[in-house]
Amino acid sequence: MKKQNVRTLSLILCMFSYLLVGAAVFDTLESESENSRRRVLEQKRNEMKKKYRFSEDDYREIERVVLQAEPHRAGRQWKFAGSFYFAITVITTIGYGHAAPGTDAGKVFCMFYAVLGIPLTLVMFQSLGERMNTFVRYLLHKMKQCLGCRCTEVSMENMVLVGFLSCIGTLCVGAAAFSHFEGWSFFHAYYYCFITLTTIGFGDFVALQKKEDLQEKTPYVAFSFMYILVGLTVIGAFLNLVVLRFLTMNTEDERRDAQERASLKRDRGEQSRGSHRERNRSNAVHSRSHSTLLLPMEEGTSRTNLIASPAEDQLRQRIEMGKRWLKKKYI
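So the sequence shown is residues -24 to -1, 1 to 307, counted in mature numbering (1 follows the signal peptide of the UniProt record, and there is no 0).
What the hints contain is simulated information worked out from the structure, not anything from laboratory work.
It is possible that some hints are incorrect.
Think about it this way: if two alpha-carbon atoms lie no more than 27 Å apart in a straight line, the pair counts; the simulated DSS-like pairs of lysine-lysine are [to be verified]:
| hint | residue 1 | residue 2 |
| --- | --- | --- |
| 1 | Lys20 | Lys55 |
| 2 | Lys193 | Lys20 |
| 3 | Lys55 | Lys193 |
| 4 | Lys(-22) | Lys241 |
| 5 | Lys55 | Lys241 |
Because the structure is a prediction, the values reported are computed rather than measured.
Model the full assembly from the supplied sequences, consistent with the hints where possible.
As structure tokens, then:
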């Protein structure tokens, strides 16, 4: 089996194993906490129903109103700033879920907008990532020259390390900024940045959702938009390095397999030509053995003694018998 096929099969098995491990860990970590929250929520609901004398239908109606009011707690979402924020979450596939089109026309346009915008965004981030990696490689090369390193060539390991550190730095800068502006803890802000820049976008933490932030805090809005776009570029550059490393491994395996196949084919061809020459040589010797036998030359002579083969003797005898029969009949 080819090494590429083995690697692909191994990756599939690793992915499913990773999913099973993740499911088991999340089940262990979150299941009990979910049950506790459900019990607390049920207790609160019973207390409210008892205190305000809500019926079950009234309580469900209140729940529905609260859920519908959730997207509007930050003010108008569909002014230009909010619409721009939503467009970013669509084409980058972050999809927080903090806002969604309410009209059928808006939903139709959103689908067409995503079909064109998502590939365009992916190509743009890939191109920016490649340019960024080229610039970083140039800087590392110059840095090694300035430091007087013997080897000034920038290896793939150097690039991956720099890319990883760049990702960590980008996440830390964003965590510090959003922790200040949103009032989150540093851990929750770091979690928000990670979920955003990996385009997971759960929506449990969303920036710019305080009352009227989108309309009143223009510098913070501009910073948030730029951070998302620049951060996605940095993450994309790092992922380009990882994918490039994997593709390089596949290319090396394919080239090695091609060389092995060519070498095997060449060896078979040489073996076939050798056996063909051997057959020709044996056929030639065999044909000579049917006609004459070569004996060593007599001492003091310069010619080779030839002894006729049995088949040749029989042919000569038949010719002599035919001649004698003709003489008897006609003479």
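- Message: Run through the hints listed earlier and report the numbers of any the structure violates, in increasing order.
- Response: Result: hints 1, 2 and 5 break, sorted rising.
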